[in-house]
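Please model the entire structure based on the sequences and the hints provided.
Residue numbers (my numbering), protein chains in the order written: chain U, 1 to 153; chain E, 1 to 177.
Hints are computed from structural coordinates only; laboratory data are not their basis.
Owing to the predicted nature of the structure, the values given are computational and were not obtained by experimental measurement.
Watch out, some of these pointers could steer you wrong.
Sample of chain E residues at the chain U side, in silico, Cβ under 7 Å [said to hold, decoys possible]:
(1) 7
(2) 31
(3) 36
(4) 126
(5) 130
(6) 133
(7) 135
(8) 136
Capping the alpha-carbon separation at 27 Å, the derived lysine-lysine pairs in DSSO-like fashion look like this [stated by the list, open to error]:
(9) 96/U - 31/U
(10) 87/U - 124/E
(11) 82/U - 96/U
(12) 38/E - 96/U
(13) 87/U - 31/U
(14) 108/E - 124/E
(15) 38/E - 171/E
(16) 82/U - 124/E
(17) 87/U - 108/E
(18) 82/U - 2/U
(19) 38/E - 82/U
(20) 38/E - 124/E
(21) 172/E - 38/E
Where is the CB? At the ideal position from N, CA and C, for every residue including glycine.
What follows is each chain in one-letter form.
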Amino acid sequence: MKRVSLILLAFMAFAAPAFAVLPSEQLSDPKLEARARHISQELRCVVCQNQTIDDSDAPLAHDLRMILRERLLAGDTDEQAKAYLVKRYGTYVLLKPPFQANTLLLWLGPFLVLIAGGALVGLYLMGRGRLAAPSELSADERARLNTLLETPE
Amino acid sequence: MNRALALIPVGLFAALLVSFYFALGRDPTHIPSVLIDKPLPGFSLPGVAAGTPGLSSHDLRGQPILLNVFGSWCISCVQEHPMLMELAREGVVIDGIDWRDQAIDGAKWLDQNGNPYARVGNDKTGRTGIDLGVTGAPETFVVDARGRVRYKQIGPIDSDTWNNTLLPLLKKLRSES
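What follows is the structure in structure tokens.
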């Protein structure tokens, strides 16, 4: 049994990592291909959702990779190529959400929480400052304290 | 005063929990269509078999219709199909796009399961589907008489989505045109 698992492990050591981007998909121009890879790592696969189209084996992700490469071959800039897909699938395909009306809370939320937290800490510290400086003793309290201190043990 | 302040983080945490709870109920696979209230992108597709009419975006004018995206490879489409057959019998106009499919496979699938479609276009390369922002099959667009997309149903139409969403919308669109 042990020997079998060792052999299996040995095989796993030689296994090549699987890439979704097939050699047949790649552009012959390495510069363009590098740009295509870079853009496709920023685009969400609409079938599998939390994968990039660069990672995904879904047929639709393959189609989108091909379209992306076609756009680049046709002379599109990176932004134009991305816009081509955004026009069809919406900003949903962008893994980095753009700063716009419906993402305001997403982008500004952490800062709001930070400000709110800071305000709470400030209020707390101010409250503690007040506690640290207690009010003066009244005449009655002073007299009582004196008698307590003067009383022999 | 301080006790009230101490409750603020607790309150914020409770609000987060409530919003997470509702977000859990949302289906993340529902990608909103960017085509809503916009004209259908132009396309012209051949039929699935010799002698059958194809489907072009110009055909989708004059009356509100359903545009259903299917494929012979699509499992949920088999599940949806009896519903479409029933709707076609009731006189609902449904056009179809045979998406990412060989025409011959689409034709065979329609022979086997019945053909509820007024017209079917074969989108072999899948490009028309992508132009429409299709993320999977089945998807169904409600297209009004002026050729504008008014709604997209993601996933199979069942009696619930038909009665509560699609039928009321079609009725409203019919009264518009």
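Verification of the hints:
A cut of 7 Å between beta carbons decides the hint on residue 7/E: the least distance to chain U is about 11 Å, and the hint is violated. At its closest, the beta carbon of residue 31/E sits 5 Å from a beta carbon of chain U; the interface hint therefore holds under the 7 Å criterion. Nearest Cβ of chain U to the Cβ of residue 36/E: about 10 Å, over the 7 Å cut. The hint is violated. Because the closest C-beta pair between residue 126/E and chain U is about 5 Å apart, less than 7 Å, the hint holds.
For residue 130/E, the interface hint holds, the least distance from its beta-carbon to any beta-carbon of chain U being 6 Å, beneath 7 Å. With its C-beta approaching chain U no nearer than about 5 Å, residue 133/E sits inside the 7 Å limit, and its interface hint holds. Taken as an interface hint, residue 135/E checks out: its beta carbon lies about 4 Å from the nearest beta carbon of chain U, inside 7 Å. With its C-beta approaching chain U no nearer than about 6 Å, residue 136/E sits inside the 7 Å limit, and its interface hint holds.
Of the supplied pair hints, the one linking residue 96/U and residue 31/U holds, its CA atoms being roughly 23 Å apart against a limit of 27 Å. Distance restraint check for residue 87/U and residue 124/E: the Cα-Cα separation of roughly 22 Å lies within the 27 Å cut-off, and the hinted pair is therefore satisfied. Of the supplied pair hints, the one linking residue 82/U and residue 96/U holds, its CA atoms being roughly 12 Å apart against a limit of 27 Å. As the CA atoms of residue 38/E and residue 96/U are separated by approximately 26 Å, the hinted pair is consistent with the 27 Å bound.
Restraint check for residue 87/U and residue 31/U: satisfied, since their Cα atoms lie roughly 25 Å apart, inside the 27 Å limit. A hinted pair counts as satisfied when its Cα atoms are at most 27 Å apart, and residue 108/E with residue 124/E qualifies at roughly 15 Å. Our distance criterion of 27 Å between C-alpha atoms is met by residue 38/E and residue 171/E, whose separation comes to about 19 Å. Only pairs whose Cα atoms come within 27 Å are accepted, and residue 82/U paired with residue 124/E is accepted, the gap being roughly 24 Å.
This hinted pair does not check out: residue 87/U and residue 108/E have alpha carbons roughly 34 Å apart, beyond 27 Å. Of the supplied pair hints, the one linking residue 82/U and residue 2/U is violated, its CA atoms being roughly 51 Å apart against a limit of 27 Å. A threshold of 27 Å between alpha carbons decides the hint, and for residue 38/E with residue 82/U the separation of about 21 Å falls inside it, so the pair holds. Between residue 38/E and residue 124/E the alpha-carbon distance is near 25 Å, which keeps this suggested pair within the 27 Å criterion.
The suggested pairing of residue 172/E with residue 38/E holds, with an alpha-carbon distance near 17 Å, which does not exceed 27 Å.
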